[in-house]
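Number of protein chains: 2
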Amino acid sequence: MTKRTSTVSCDLTISLDGYAAGHNQSEQRPFGDDGGDGWGSELHAWYENKEENRAEIDRMTRAKAYIMGRNMFGPVRGEWDRPWTGWWGDNPPYHGPVFVLTHFPRDPQPMDGGTTFYFVTDGIESAFRQARAAAGDDGAISIHGGATTVNQYLAAGLITEIRLHYVPLTLGAGTRLFDGVPPLKLEQVSSRAATGVTHVTYRVLS
Amino acid sequence: MTKRTSTVSCDLTISLDGYAAGHNQSEQRPFGDDGGDGWGSELHAWYENKEENRAEIDRMTRAKAYIMGRNMFGPVRGEWDRPWTGWWGDNPPYHGPVFVLTHFPRDPQPMDGGTTFYFVTDGIESAFRQARAAAGDDGAISIHGGATTVNQYLAAGLITEIRLHYVPLTLGAGTRLFDGVPPLKLEQVSSRAATGVTHVTYRVLS
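So the protein lines, in turn, are chains A and B.
Note that my numbering has the first sequence beginning at 1, numbered continuously upward.
Note that my numbering has the second sequence beginning at 1, numbered continuously upward.
Do not take every clue at face value.
When chains are identical, the list treats them as one kind, so a pair holds in a single copy or across two.
As the list claims (entries may be wrong) - Subject to a maximum C-alpha distance of 25 Å in a straight line, what follows is the list of computed DMTMM-like cross-link-like pairs (lysine to aspartate or glutamate):
1) Lys185 <-> Glu56
2) Lys185 <-> Glu52
3) Lys185 <-> Glu42
4) Lys50 <-> Glu187
5) Lys64 <-> Asp138
6) Lys185 <-> Glu161
7) Lys185 <-> Glu48
8) Lys50 <-> Asp90
9) Lys64 <-> Asp107
10) Lys64 <-> Glu161
11) Lys50 <-> Asp112
By construction, these hints were calculated from the structure, which means they are not laboratory data.
Please model the complete structure; the sequences and the hints are all you need to start from.
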């Protein structure tokens with residue numbers, strides 16, 4: 001019998017120079033500075049092409065538990081001094097537990113449709129243990145972003161599958177995937193072209 | 001009648017973190033430091049798979065004129081104080097003029113099969129003018145590498161087509177594509193998966 005290992009994936013849309021978002025994110029600019037030319041929306045334009053990219057979009061929200069950085073959850077910095085329940089409306093697409101990394105405690109935030117945001121203040125390993133407990137031994141975990149959070153989990157050796165969506169632009173600055181991550185050997189599991197995007201999935205070998 | 005613009009392409013095999021070669025290249029290690037684990041050959045393993053990658057390999061040497069950096073031409077630094085005629089044997093695959101960027105003058109080096117290496121000491125624009133004169137107005141030019149040379153031509157706005165071969169590893173250090181290049185808008189022209197490599201071609205829009 002082969003040992004079954006549950007997937008711990010990350011899923012990032014990146015520019016050809018490896019950036020997942022710009023600097024200086026805000027509520028008005030959730031993907032950060034774009035030099036005024038709107039690359040934030042360009043970076044994510046392929047999401048709008050829902051029919052052609054159905055498989056990749058659906059796969060993003062098929063985990064049993066999610067972990068995300070505070071910047072991906074929202075633009076609030078410091079204390080939780082204003083209401084904020086994420087970018088995704090009343091019924092987020094996760095339909096399960098989402099562990100948000102933050103330095104500032106907050107009570108769990110239940111949403112419609114089964115999503116609950118839990119706020120984890122004691123580090124990435126703690127968030128991972130809580131996600132694993134919630135997902136069960138066989139349940140997939142998604143390290144949902146952004147790149148800074150993904151890089152921390154890659155460096156910790158906890159990610160087993162990297163899903164990238166390469167879009168045709170370069171940014172020159174921002175939050176870069178693989179920064180600070182020791183060299184990785186990977187296996188290309190799948191690669192598929194769609195309009196204006198190439199979807200590639202890699203298994204982490206070492 | 002649409003205006004015909006001849007292609008100025010670059011063609012690079014890169015790691016997922018965007019490196020085309022390591023530091024400290026030498027005759028024994030033409031792709032530079034590999035931390036002793038042989039990624040230099042891993043980076044280029046797909047070349048060995050000639051049947052599956054025939055189209056991409058053939059396309060690399062279909063230009064009318066080529067430009068390459070001195071480090072791509074060979075490991076000799078400083079004056080040309082020892083014989084060196086490239087990495088490719090007596091009959092290189094170019095079969096045409098190859099302009100090598102260097103600070104040290106040297107007479108042209110004719111090879112078998114129609115390849116001649118010309119050594120250009122007065123900069124990238126001069127090399128480009130010479131390549132254009134050799135290729136003719138309709139002839140394709142290949143900015144053949146390495147990444148440092150490609151970055152200079154990208155920054156100068158002279159490249160019209162970027163061909164990348166993404167291989168499943170990260171390096172963490174080395175010569176990085178797009179370093180120092182202002183942000184680019186591109187169009188994904190084609191994208192194709194082969195075993196252990198994804199071939200993607202982009203047109204430079206601005």
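The hints, checked one at a time:
1. For a Cα distance limit of 25 Å, the shortest separation of Lys185 from Glu56 qualifies both inside one copy, at 23 Å, and across copies, at 23 Å.
2. Taking the shortest alpha-carbon separations for Lys185 and Glu52, only the inter-copy value of 22 Å comes in at or below 25 Å, while the best intra-copy value is 30 Å.
3. For the identical chains of this complex, Lys185 and Glu42 are inter-copy neighbours only, at 10 Å across copies versus 30 Å inside a copy, given an alpha-carbon limit of 25 Å.
4. Taking identical chains as interchangeable, the C-alpha atoms of Lys50 and Glu187 lie at most 25 Å apart only when they sit on different chains, with a minimum of 19 Å there against 27 Å within one chain.
5. With identical chains, the CA atoms of Lys64 and Asp138 are at most 25 Å apart within one copy only, with a shortest distance of 9 Å there and 56 Å across copies.
6. Proximity of Lys185 and Glu161 under a CA criterion of 25 Å is satisfied intra-copy only: 12 Å inside one chain copy versus 29 Å between copies.
7. Proximity of Lys185 to Glu48 under the C-alpha cut-off of 25 Å is restricted to the inter-copy arrangement: shortest distance 19 Å between copies versus 32 Å within a copy.
8. In the homo-oligomer, the alpha carbons of Lys50 and Asp90 lie at most 25 Å apart inside one protomer (21 Å), although the nearest pairing across protomers, at 53 Å, exceeds that limit.
9. For the homomeric pair Lys64 and Asp107, the shortest alpha-carbon distance inside one copy (21 Å) is at most 25 Å, but the shortest distance between copies (66 Å) is not.
10. Taking the closest pair of Cα atoms, Lys64 and Glu161 come within 25 Å of each other only inside a single copy of the chain (15 Å); across copies the shortest separation is 42 Å, beyond that limit.
11. In this homomeric assembly, Lys50 and Asp112 come within 25 Å of each other (Cα to Cα) only inside a single copy, at 23 Å, whereas the closest approach across copies is 54 Å.
Checked against the numbered hints listed earlier, the structure breaks none of them; every hint is satisfied.
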